[in-house]
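Participant: Sequence:
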Amino acid sequence: MTASPAPIFSPPALAFEAVSKTYPGQPAPALRELTLTVPRGSRTGIIGRSGAGKSTLVRLVSGLDTPDAGRVRVQGQDLAALGAPERRARQARTGLVFQQFNLLAQRTALGNVTLPLELAGVPRVRREARARDLLAQVGLADLAGRYPAQLSGGQKQRVGIARALALDPDLLLADEATSALDPETSAGILALLTELQRERDLTLVVVTHQLEVVRAACTHVAVLDAGQLVESGETRPVLAAPGHPVTRALLEAHRPQVTLAPGETLRRVTLPGLDASTLGALAALGARLVQAEPHPQGVDAWLTLPASTPDLTASLARRPAGVGA
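Every number in my numbering is 1079 more than the matching position in the sequence shown, counting from 1.
A few of these clues could be false.
Distance ranges between label pairs, derived from CB positions [said to hold, decoys possible]:
1. Pro-1385 x Arg-1186: 52 to 60 Å
2. Asp-1157 x Ala-1270: 33 to 41 Å
3. Ala-1159 x Gly-1232: 43 to 51 Å
4. Glu-1313 x Arg-1138: 52 to 60 Å
5. Arg-1172 x Arg-1203: 18 to 26 Å
6. Gln-1185 x Ala-1355: 46 to 54 Å
These are computed hints drawn from the structure, not numbers from a lab. Where a beta carbon is used, it is the ideal one built from N, C-alpha and C, also for glycine.
Please put together the full structure from these sequences, using the hints given.
Facilitator: Next comes the structure, spelled out in structure tokens:
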């Protein structure tokens, strides 16, 4: 009888092990014994209010800072245990997408994307070919010669994404990458990041204060508060039934402001889509669509409806015109 092969252990893409960090002059730690794992190949959203520790997490993962205590592991490697050459190699495999784009004004879009390749010693012909290919992948093939001042905010962020991919990273950090953009442009950037993550089998970490970003783009979510992890898991279950007051407060902050008629209530539900049949079924139930936020599996919708409606999903499922989530 042949023994079954032992399962191959795959470490998480990112692991914080009881990590603490305090900055001089600050009354409270930025991180307090933070323990957190990010599954390999996931799209994980790190969310929290101002001062939760999100920016410190990015600085530690990217190697811009070191923890006072605990370990930060990236793809199984303890960053503090790496020698200088290994640390530089690890940093090269971690791509960063910034809130304010951080493009060099004196370089064209092509020049900004070639910069990390230039610093890595890649020959000019190869780096320009690589940069042009990346610009094509983010939809900017025709804008390679434009300078940042000639680009819109969304186009600048696409250049930033192309630059972050230049050295073929296995981990991509998007730090508030859509918070400076309008909703339509933000949706396009999130769709691009999702597509690139799937095509390249990357691990994508989205650091944000915007709950709608997590809902739209992330498979997993980790909620930080005062430097600690308070809740984590797959995005849909966590947001559908949050177990911690901080998560519930973040959800409540996104509750739309609407005037309810007598006998009406406001509910958040998940629907497979908003096609004509579903909208017709909602109207037949007396429901009114207030706000909708797309995510990979459908739409999270805020509805007003009669308080007497006991189970919206069941009510939709009974109607041939529409099906609930």
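Participant: If a hint holds in the structure, say so; if it doesn't, say that too.
Facilitator: Hints, verified against the model:
1. Checked against the hint of 52 to 60 Å, the C-beta distance between Pro-1385 and Arg-1186 comes to roughly 59 Å, which is consistent with it.
2. In this structure the hint that Asp-1157 and Ala-1270 lie 33 to 41 Å apart at CB holds, the actual value being about 35 Å.
3. Between Ala-1159 and Gly-1232 the beta carbons are some 37 Å apart, a value that contradicts the proposed interval 43 to 51 Å.
4. Remark: the range hint 52 to 60 Å for Glu-1313 to Arg-1138 is contradicted by a beta-carbon distance near 27 Å.
5. Distance hint check: the CB atoms of Arg-1172 and Arg-1203 are about 23 Å apart, consistent with the given range 18 to 26 Å.
6. Checking the proposed 46 to 54 Å range against Gln-1185 and Ala-1355 shows it holds: the Cβ atoms sit about 52 Å from each other.
Hint violations for this structure: numbers 3, 4, all remaining hints satisfied.
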